[in-house]
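Student: Protein sequences appear in the order of chains A and B.
Each residue of the first sequence is one higher than the one before, starting from 1 at the first, in this note's numbering.
Each residue of the second sequence is one higher than the one before, starting from 1 at the first, in this note's numbering.
If you are wondering where the hints come from, they were derived from the structure by calculation, not from laboratory data.
Glycine residues also receive a C-beta, built at the ideal position from the N, C-alpha and C atoms.
A couple of the hints might just be wrong.
[To be verified] 20 Å max Cα-Cα, derived DMTMM-like pairs, lysine to aspartate or glutamate:
| # | chain 1 | residue 1 | chain 2 | residue 2 |
| --- | --- | --- | --- | --- |
| 1 | A | Lys238 | B | Glu415 |
| 2 | A | Lys238 | B | Glu438 |
| 3 | A | Lys238 | A | Glu228 |
| 4 | B | Lys109 | A | Asp237 |
| 5 | A | Lys401 | B | Glu225 |
| 6 | B | Lys122 | A | Glu228 |
| 7 | B | Lys109 | A | Asp244 |
| 8 | B | Lys109 | B | Glu415 |
| 9 | B | Lys109 | B | Asp366 |
| 10 | B | Lys520 | B | Glu464 |
| 11 | A | Lys401 | A | Glu449 |
| 12 | B | Lys122 | B | Asp200 |
| 13 | B | Lys109 | A | Glu225 |
| 14 | A | Lys401 | A | Glu461 |
| 15 | A | Lys238 | A | Glu225 |
| 16 | A | Lys238 | B | Asp114 |
| 17 | B | Lys520 | B | Asp530 |
| 18 | A | Lys238 | B | Asp446 |
| 19 | A | Lys401 | A | Glu370 |
| 20 | A | Lys401 | A | Asp125 |
| 21 | A | Lys401 | A | Asp518 |
| 22 | A | Lys401 | A | Glu519 |
| 23 | B | Lys109 | A | Glu228 |
| 24 | B | Lys559 | B | Asp366 |
| 25 | B | Lys122 | A | Glu225 |
| 26 | A | Lys401 | A | Asp377 |
| 27 | A | Lys238 | B | Asp473 |
[Claimed, not checked] Residues of chain B placed beyond 12 Å of chain A at every Cβ, according to the derived structure:
| # | residue |
| --- | --- |
| 28 | Ala93 |
| 29 | Val157 |
| 30 | Leu175 |
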Amino acid sequence: MMPPVLAETEETRDGNLFDIHPYRLLWRFFQYARPYRGWVVAALALLPLSALLQLWQPLLIQQAIDHHLLPAQPDGFGWLLVWFLLLIIGQFVVGYLQSAVNTLLGQRLVRDMRRALFAHLLRLDAAFFARNASGRLTNRISNDSEAVSQMISAGMINLLGDLLLLFGIAVSMLLLSPRLSLVTLVSLPFIVLGTLYITRRMRNIQRRGRLLQARMAGHLTEEVEGRETIRLFHSQDKNRVAYDRMNRAYLETTLEANFFEALQFSFIDATSTVVIALLFWYGGALQGDAGMSIGVVVAFIDYIRRLFFPIREISSKFTTMQSAITALERIFALLDTEAAITDQPGVHPLPAPVRGEIVFQQVSFRYDSEPVLKQIDLSIAPGQRVAVVGPTGAGKSSLIKLLNRTYEPQQGSICLDGVDLRRVPLTQLRRLVGMVQQETFLFAGTVAENIHLGDPGITLEQVRQAAEETGAMAFIQSLPQGLHSPLAERGVNLSAGQRQLLGITRVLAFQPRILVMDEATSSVDTLSERLIQEAVERLMAGRTSLIIAHRLSTILHADRIIVLSGGAIVEQGSHSELMLRDGLYARLYALQFAEKGGESC
Amino acid sequence: MVERAPSTPPLRWRLRHILPYYRENLWGFVVGFLLLAATSATAALIPYLMKLATDALAQPQQGQSLSWTVGLLIVVAVSNALLRIRSRTHIFAIGRHVEYALRRSYHAKLLSLDAAFFNRSKTGDLVARGNTDVLAVRMFIGPGFLQVANTAMVYAVTLPVMIALNPTLTFLALLPFPIILGLTRLLTTRLYRLSRAVADRFGLFSGFVQEAVAGMAVVRAHAREEDWQGRFADEVQEIYTAQMRHTRLQSLFGPLVLLAGGAGIWIILLVGGQEVMAGQLTVGDFVAFAGYLAILVWPTVGFGWILTVLQRGLAALERIGQVLDTEPFALLPATDAAPPATGQRGVLRVHGLHFAHHEPILQGIDLVLQPGSFIGLAGRIGSGKSTLLHCLARLYAVPVGTVFLDDQDLLAIPELALRQRVALAQQESFLFSATIRENMVLGHPDATEEAIWQAAEMACFAEEIRRFPNQLDTLVGERGITLSGGQRQRLALARALLMDPDVLLLDDIFSSVDARTEAKILDNIHVLADSRRRTILLVCHRTAALHRAECIYLLEQGKIVAQGRHAALMATSALYLGLHQQMARHEALESLQ
Numbered sequence: 001m002m003p004p005v006l007a008e009t010e011e012t013r014d015g016n017l018f019d020i021h022p023y024r025l026l027w028r029f030f031q032y033a034r035p036y037r038g039w040v041v042a043a044l045a046l047l048p049l050s051a052l053l054q055l056w057q058p059l060l061i062q063q064a065i066d067h068h069l070l071p072a073q074p075d076g077f078g079w080l081l082v083w084f085l086l087l088i089i090g091q092f093v094v095g096y097l098q099s100a101v102n103t104l105l106g107q108r109l110v111r112d113m114r115r116a117l118f119a120h121l122l123r124l125d126a127a128f129f130a131r132n133a134s135g136r137l138t139n140r141i142s143n144d145s146e147a148v149s150q151m152i153s154a155g156m157i158n159l160l161g162d163l164l165l166l167f168g169i170a171v172s173m174l175l176l177s178p179r180l181s182l183v184t185l186v187s188l189p190f191i192v193l194g195t196l197y198i199t200r201r202m203r204n205i206q207r208r209g210r211l212l213q214a215r216m217a218g219h220l221t222e223e224v225e226g227r228e229t230i231r232l233f234h235s236q237d238k239n240r241v242a243y244d245r246m247n248r249a250y251l252e253t254t255l256e257a258n259f260f261e262a263l264q265f266s267f268i269d270a271t272s273t274v275v276i277a278l279l280f281w282y283g284g285a286l287q288g289d290a291g292m293s294i295g296v297v298v299a300f301i302d303y304i305r306r307l308f309f310p311i312r313e314i315s316s317k318f319t320t321m322q323s324a325i326t327a328l329e330r331i332f333a334l335l336d337t338e339a340a341i342t343d344q345p346g347v348h349p350l351p352a353p354v355r356g357e358i359v360f361q362q363v364s365f366r367y368d369s370e371p372v373l374k375q376i377d378l379s380i381a382p383g384q385r386v387a388v389v390g391p392t393g394a395g396k397s398s399l400i401k402l403l404n405r406t407y408e409p410q411q412g413s414i415c416l417d418g419v420d421l422r423r424v425p426l427t428q429l430r431r432l433v434g435m436v437q438q439e440t441f442l443f444a445g446t447v448a449e450n451i452h453l454g455d456p457g458i459t460l461e462q463v464r465q466a467a468e469e470t471g472a473m474a475f476i477q478s479l480p481q482g483l484h485s486p487l488a489e490r491g492v493n494l495s496a497g498q499r500q501l502l503g504i505t506r507v508l509a510f511q512p513r514i515l516v517m518d519e520a521t522s523s524v525d526t527l528s529e530r531l532i533q534e535a536v537e538r539l540m541a542g543r544t545s546l547i548i549a550h551r552l553s554t555i556l557h558a559d560r561i562i563v564l565s566g567g568a569i570v571e572q573g574s575h576s577e578l579m580l581r582d583g584l585y586a587r588l589y590a591l592q593f594a595e596k597g598g599e600s601c
Numbered sequence: 001m002v003e004r005a006p007s008t009p010p011l012r013w014r015l016r017h018i019l020p021y022y023r024e025n026l027w028g029f030v031v032g033f034l035l036l037a038a039t040s041a042t043a044a045l046i047p048y049l050m051k052l053a054t055d056a057l058a059q060p061q062q063g064q065s066l067s068w069t070v071g072l073l074i075v076v077a078v079s080n081a082l083l084r085i086r087s088r089t090h091i092f093a094i095g096r097h098v099e100y101a102l103r104r105s106y107h108a109k110l111l112s113l114d115a116a117f118f119n120r121s122k123t124g125d126l127v128a129r130g131n132t133d134v135l136a137v138r139m140f141i142g143p144g145f146l147q148v149a150n151t152a153m154v155y156a157v158t159l160p161v162m163i164a165l166n167p168t169l170t171f172l173a174l175l176p177f178p179i180i181l182g183l184t185r186l187l188t189t190r191l192y193r194l195s196r197a198v199a200d201r202f203g204l205f206s207g208f209v210q211e212a213v214a215g216m217a218v219v220r221a222h223a224r225e226e227d228w229q230g231r232f233a234d235e236v237q238e239i240y241t242a243q244m245r246h247t248r249l250q251s252l253f254g255p256l257v258l259l260a261g262g263a264g265i266w267i268i269l270l271v272g273g274q275e276v277m278a279g280q281l282t283v284g285d286f287v288a289f290a291g292y293l294a295i296l297v298w299p300t301v302g303f304g305w306i307l308t309v310l311q312r313g314l315a316a317l318e319r320i321g322q323v324l325d326t327e328p329f330a331l332l333p334a335t336d337a338a339p340p341a342t343g344q345r346g347v348l349r350v351h352g353l354h355f356a357h358h359e360p361i362l363q364g365i366d367l368v369l370q371p372g373s374f375i376g377l378a379g380r381i382g383s384g385k386s387t388l389l390h391c392l393a394r395l396y397a398v399p400v401g402t403v404f405l406d407d408q409d410l411l412a413i414p415e416l417a418l419r420q421r422v423a424l425a426q427q428e429s430f431l432f433s434a435t436i437r438e439n440m441v442l443g444h445p446d447a448t449e450e451a452i453w454q455a456a457e458m459a460c461f462a463e464e465i466r467r468f469p470n471q472l473d474t475l476v477g478e479r480g481i482t483l484s485g486g487q488r489q490r491l492a493l494a495r496a497l498l499m500d501p502d503v504l505l506l507d508d509i510f511s512s513v514d515a516r517t518e519a520k521i522l523d524n525i526h527v528l529a530d531s532r533r534r535t536i537l538l539v540c541h542r543t544a545a546l547h548r549a550e551c552i553y554l555l556e557q558g559k560i561v562a563q564g565r566h567a568a569l570m571a572t573s574a575l576y577l578g579l580h581q582q583m584a585r586h587e588a589l590e591s592l593q
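Just chain A, same shape as in the assembly (with noise of 0.2 Å):
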C-alpha cells in the first residue's frame, strides 16, 4: 500500500540499478529472511508447483481431443474430467497460497526491518538529528521499507516463478511438438522485444507522470502556504499560467501513456492470434506427420495465451525490485551511522547511593568547528545549587546538556562522585540525571502517561504524588477525566505554565540524583508563576541542582552563581559578591532580573 504523491522527494526518483551494488545490499537483506526460512522454503516449493498445475491443463485437453472426442472414445473421459477439476482447484489453492505467503514474508520481513531501524534511532545521538530533517527519518521507516516489502510480495518470488514458467512452457511446447515449437520460436523474439520495448516505453511515461504529479501537487502545498503572499501581490493569474503549463505536459503525458497501454494490451492479443494462424497454416502443412494432430495445435493455442503473460511481469518487477533495492540503500546507510555515544566496554554502574558531586575538568566542546565551551573547571558538591546565567550563544545550555551525555565534550572529563561519565552506563546515568527543558515536549496520550512515560516502575500513586508536590494536581483535576485525560496535539490545549508544570513533575516522578534544569524564557501569568517557583524549589530539595536562571527567585536561591560568556566561566560567586564586582552579571542582572521579580509585561 504505497501512501498517494503528494511532494517531489528523493523517495520518488528511481535510482539507476547498476550505479550501486545491488547483490551485496541483496545479500544483505536476505539475512533478515533467516528466521522464516519455512515460509522462504514453502515460497520457493510452490513455484514449481504452480507452474505445473498451469502447464498440465493443455496437455489434458491435447488429450482430450485427440484420444476422446476426435475418435469418439468415452472411455477414460470421466477420468480426464476429474483431472481436470483437481487441477483447476489446485491452481486456485495453490494461487491463493503462493499470494497470501509472499505478502506474509515481505510484511515479516519489513516488520522487523522496521524494528531495527527504530531500535537503531533510539542508540543515535542528539548531534545526529540535528543533521536530519526528522520527515526523511520518518520516510525510511514507512515509505523505504514499505517499497521494500513490495520487493518480496510483488517482485522478486513471482520473478523466479515467471522464469520458471517460461521455461516450462517452452519444455511442454518442445515435447509436443518439436516442429510447431519452431513456429513459436521464430516469432519469439518478435514478441519478447516488442513487448520490452513497450514496458520499457510504458515505464518511463509513467514515471514522467509520476514526477509531474508531484510537481504539481508541491506546487499546490506552495500556494496554499502562500496563498496570503499571492493575494497580496496579485500574483493569481501568473501561477495559474505556471499551473497550467504543469498541467497540460501531465496531460500531455498521459495521453501517451493510454496510447502505449492500449497498444501493450493489443499488441499481446494480436502477435497471439497472429502466432496462432501461423500455426494452423503450419499444423496445416504438416498434417498426416506424426505427432502432428489438432489436440496437439488446440494445446499450442493456450500455450500461446499463457506465454505473453509472464513476457510483460518479468520487465514491470524489474521495476518494483530497482526502486527497492535503491530504497535498501538508503535504510542501510541509516543503519550503518555509527551512534557516537554508546555504553563502552568496562561500564560499571555507580554503587548506591550516589552522592552527586559533580567535576568539570578542562572541559571544551564545540559542535562543527565553532568552539562552544573552553576549557570549563567547574565543581559542584552534592546537594549545591548551581545558577547559570550569560547572554544567548554563551554555551549555557550545552554546559548541562555535557551533563547527561545528551552530548560528548571533546576535551576534558566530567566525573560523577569521582567516576567519569563515560564509565557509567547511559541508563544509570540517564536516571540519574533529571532534565528540565525550556519547551516541554509531550506526547500524544495521557497526563498521566506524560509523566511517567511509560515506565512501570513508577506507580499511578506516585504520579499522583508528584503532581500533588509541584502543584500540578490542581489543574489536572480541572481536566474532565484528572490524570487521564487525553492530551492533544503536543499538549495544545494547555497553557505555557501547565506544559511547564508537567515537565517538571515528568522529572521529579523518576526521582534523579542531580538536576539540570533549562529554565523556560517564556512568560506566564503571576499565579503561574508562583507556582512553578514553588515547583522548582520542590524539586531542587536534596538534589545537586545547576540551572540556566531566567528567574529572579532561582538566582537569590542559588548556593552560587556562574557566568558564562563566549564558551568561558567569566565570573561566579554569590548574588551580592557578584553584584559588588559589578561586571557583566551586575549588567545582567539589570537587564534581565532586576524589574522582573517574578511579574512579567
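With chain A held as given, fit chain B onto it using these hints.
Tutor: Same frame as chain A, but now just chain B:
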C-alpha cells in the same frame, strides 16, 4: 470523510460539477461507443475463425479454405488491435481532458478563496483533494465509462454468437459468471474498506514515528528507549495485522478469476465433450467456446471492479465539490472612481471597525491616515495589531462602510487596483522556492532591472544580493530556507516597495534585522513618506521605529487606547511606558552578545 450520507442526494446533483463535461463531450462518448462496438465485433470474429480453422484442420483433405481462414484471422486480429487502440485512447482521452479541466478549475478556485476558508482547512487535505481525488474522478469518467460500455458491448456481441452455436452449452458455460460478478463486487468493496484501514493504520504509524523522532531527546533523557521500542513494535504489529487482513482477501482475487475461467472450460469439456463424441458438435465449436469464454472473463471481472471505482469517484467528487462550491467573501460592485492625483492619494480612513474570529478581536477602531505620514502601531501581543493590518489589506472580510481608501469603500475597489495601491510586508512573509528576482517581481512582473535594484537598495538588501554568486538569480529554496531570517524580511520588504504602493503596511519587519540596518531602512522609508507622499503604517516591536513615528496608535484589546508621539505617550500612558521598557531591555540584552 463521509462515504454515504444518510439520505443520498439525487445523482444529477452529485454529478453537477462534471455534468457540463459530459455534455461538452457528448459526441466524443458516442464515437467512443461506436468504436467499442466495432472492437467487440472484430473480437467476437476471432474465436469463430479459429473454429473454422480447427474444423478445416480436422478434415482429412483441406483445400484453399484453411489458407483463407488463416489470412482472414491475421487481418481480423490486426484490425481488432487497431480498433482497440483507437477506442481505448479515444475514451481515456475524454477522462484525461476532464481531469485536466477539473484540476484547472480546482486550482483557480483555491486561488480565489480567502483566509476564512483556509483557516478551517488543512494544507495536506486541500492538496490531496486537488490530486488524489481528481484522479479518482478521472477513473470514474474514463475507465468507468469504458468498462461499463465495454462489458455491455462484449456481451451484446458475443452472447448471440454463442447461443447460435449452442444454447445449452452457452447457458452451462456461463453458470460461474454471475458468481464471479457477485464475488468481485463483494471483494472489491470489502477490499476497498480494508485497504483504507491499511492506509489509516499507515497514517497513524507515520504519525507515531514522527512524534517519536521529534520527542527522541525526552525519551533518551529519561532512558525510556526500551518502552518506546515496545510501543513501536506494537504499532508495527498493528500494520502487519491490517495488511494481512487485506492480503487474505486480496489473494483470493486473481486465483478466483482463473478458477472461474477454468470452471467454464471444464463445463465445456464435460458437456461439449459428450456432444462432440456424439457427433453433434465439432472440435472447432469446442475451440470457439473456449475462446468466447476467455473474451468474457475479464469484462465480467472488470464490471464488478468498476462499481467500486464509480462509488469511490462519487465520494471524491463530493470532496472536490465542497471546495468548488465555496465562495470568497462578497465585494461591493466595483466603483471604478479615478483615484486622486499623486500626492493626495493614499488617504486611509477606518470608521468603527469591528472584527471577530471566534472571539472579538477589533472593537471599534477609528483612525485616519494621511498621505505622507509615517504612523506607528504599538500594543501587546494579541492586542489586534496584525488583524488590523490584515483588515486594511482586505485579507479579512471587513464590514461594508468601515474602511475607506481615498473615500472609496475598500470592498468596492477591484482586486488588481487594490493590490497596486496597498502593499503589506509581514514578519514572516512567504517566499517561493524560486530566484530572488522572481520573488521580488511577484506583484510587478515587468519591473525594470533598475527598479528592482532600487527597491533592494531601499530595503538594504542590495549589498548582500551583490555578494551572491548568481546575484538576483540566486535560488532561495523552499520558503526561502537558504536566506537568513533578516534577509527574508528584507526581501519581503523590497518586494512590497517594488509595488510602489500608495499605502504601505509593515508588520514587525525588523525582528530579525540588526539595529544599524534597521536605522538605515527607517531612514529610507521616511524619505518615501516625505518626498513621495506615501502613507506608511508600521507595527513596531522595537524602540527605534517608535521614536521615529509621527504618530503612534496604542492598541489594547482591540481598541485604540492612546495616540500621540513617543515623548507624549511616555508621559501619559503607563501601558506604553511598560511596553517601551520591555523592548529597550530586550534590545540591550541583544547588544550584550
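Student: For every hint, state whether the structure bears it out.
Tutor: Results of checking the hints against the structure:
no., hint, in the structure
1, A:Lys238 - B:Glu415, "holds (15 Å)"
2, A:Lys238 - B:Glu438, "holds (11 Å)"
3, A:Lys238 - A:Glu228, "holds (15 Å)"
4, B:Lys109 - A:Asp237, "holds (12 Å)"
5, A:Lys401 - B:Glu225, "holds (18 Å)"
6, B:Lys122 - A:Glu228, "holds (15 Å)"
7, B:Lys109 - A:Asp244, "holds (14 Å)"
8, B:Lys109 - B:Glu415, "holds (15 Å)"
9, B:Lys109 - B:Asp366, "violated (34 Å)"
10, B:Lys520 - B:Glu464, "holds (15 Å)"
11, A:Lys401 - A:Glu449, "violated (24 Å)"
12, B:Lys122 - B:Asp200, "holds (17 Å)"
13, B:Lys109 - A:Glu225, "holds (15 Å)"
14, A:Lys401 - A:Glu461, "violated (30 Å)"
15, A:Lys238 - A:Glu225, "holds (16 Å)"
16, A:Lys238 - B:Asp114, "holds (18 Å)"
17, B:Lys520 - B:Asp530, "holds (15 Å)"
18, A:Lys238 - B:Asp446, "holds (12 Å)"
19, A:Lys401 - A:Glu370, "holds (17 Å)"
20, A:Lys401 - A:Asp125, "holds (12 Å)"
21, A:Lys401 - A:Asp518, "holds (10 Å)"
22, A:Lys401 - A:Glu519, "holds (14 Å)"
23, B:Lys109 - A:Glu228, "holds (15 Å)"
24, B:Lys559 - B:Asp366, "holds (9 Å)"
25, B:Lys122 - A:Glu225, "holds (10 Å)"
26, A:Lys401 - A:Asp377, "holds (16 Å)"
27, A:Lys238 - B:Asp473, "holds (18 Å)"
28, Ala93, "violated (6 Å)"
29, Val157, "holds (16 Å)"
30, Leu175, "holds (15 Å)"
Against the hints set out earlier in the document, violations occur for numbers 9, 11, 14 and 28.
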